[in-house]
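S.K.: Assemble the whole structure, with the sequences as input and the hints as a guide.
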Amino acid sequence: MRKTLSIAFLTAFAAGCGESGGSDTDTDTDTGTDTVTIADGTVVVGNVTSASFDSTAGTLTVQVPLDGSDVLQEYVADGTRDGYSRFTLQDDLLDREYTAFAAESTDGSLVGVVVIDGGQFNRFFGGGSITQNSYTAPTTGLVSYAGAYVGVTNVGDGLATGGADASLTPEAATEISGLVFLNADFTDNAVNGAIYDRVFDPDGVAYDLPTIVMTAADIEDDGLFTGAVEFGDLTSVGTYTGAFGGDDAASVAGIISLTEGFLEGAEDGGVAVTDFEGISGEAEYGVFVLDQCTVGVDCITN
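Residue numbers for the sequence shown follow numbering that gives the first Met the number 0, beginning at 0 and rising by one.
Hint data in this document are derived by calculation from the structure and do not stem from the laboratory. Not one of these hints is a red herring.
Simulated restraints on C-beta separations:
1) S49 to L93: 21 to 29 Å
2) D196 to D94: 28 to 36 Å
3) D187 to T58: 36 to 44 Å
4) L71 to N132: 14 to 22 Å
5) D232 to S49: 33 to 41 Å
Note that the Cβ used here is the ideal one computed from N, Cα and C, for glycine as well.
M.R.: Written out as structure tokens, the structure reads:
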């Protein structure tokens, strides 16, 4: 079964948090909006059509517009960040410059991939993918997950965005790091969480970004979920989509999609900054792949 949902629909759904995920109905998408497509245990978000990560071989192939001569383009391994494998791709200096991150859960039940370019010719392309290889739900109870988050944004060095001007020169994406804490209730089939300690570092300057909240959303029978992302003041800033995997939902993976305004409230050494005023067209795609955690051992304690 294949399901396609528009971000506008997802946000409206999450605000109402009624029936889970609209999984029985295909929904047309508006031109220019993000989409989430679910088919056969795979979730793709945004411009990504497919992605495949082999953690053993250390290889990543992605289908996204204008990244290379092959439909499924193999990216170049380029180190790691916070436990996520980093990949890059630029066919030559005249073509778009892509940055991607990928990770597999400890039990192999989930794979998460995120990718974006920094923009060229008034547009950027990006998105993410989750592959769910296996899943059984716990019979009851609350479960917590914690770990690292990594994101990529079209806001590059010099604070130019991928859609800001008709630049002939391709821009590189910039990375964002953070930590994730997520709670799931498999009795009521609901999930919520937050991404905190977010840091954005263009031009080598580390800006602290506000915590973003993944508001309560339904968990579907297949372990998938989607909901709204907002700041602490309830301002909407995007959406999240994810899947549980493994025996008794041992793991969880998610893709974050943030829209204009996610850089608001940035601080440099505790002092509010105005560097991002006047920027428009900014976007962030991020990924988390987490294992269950134990309170007092590897979950957050503050």
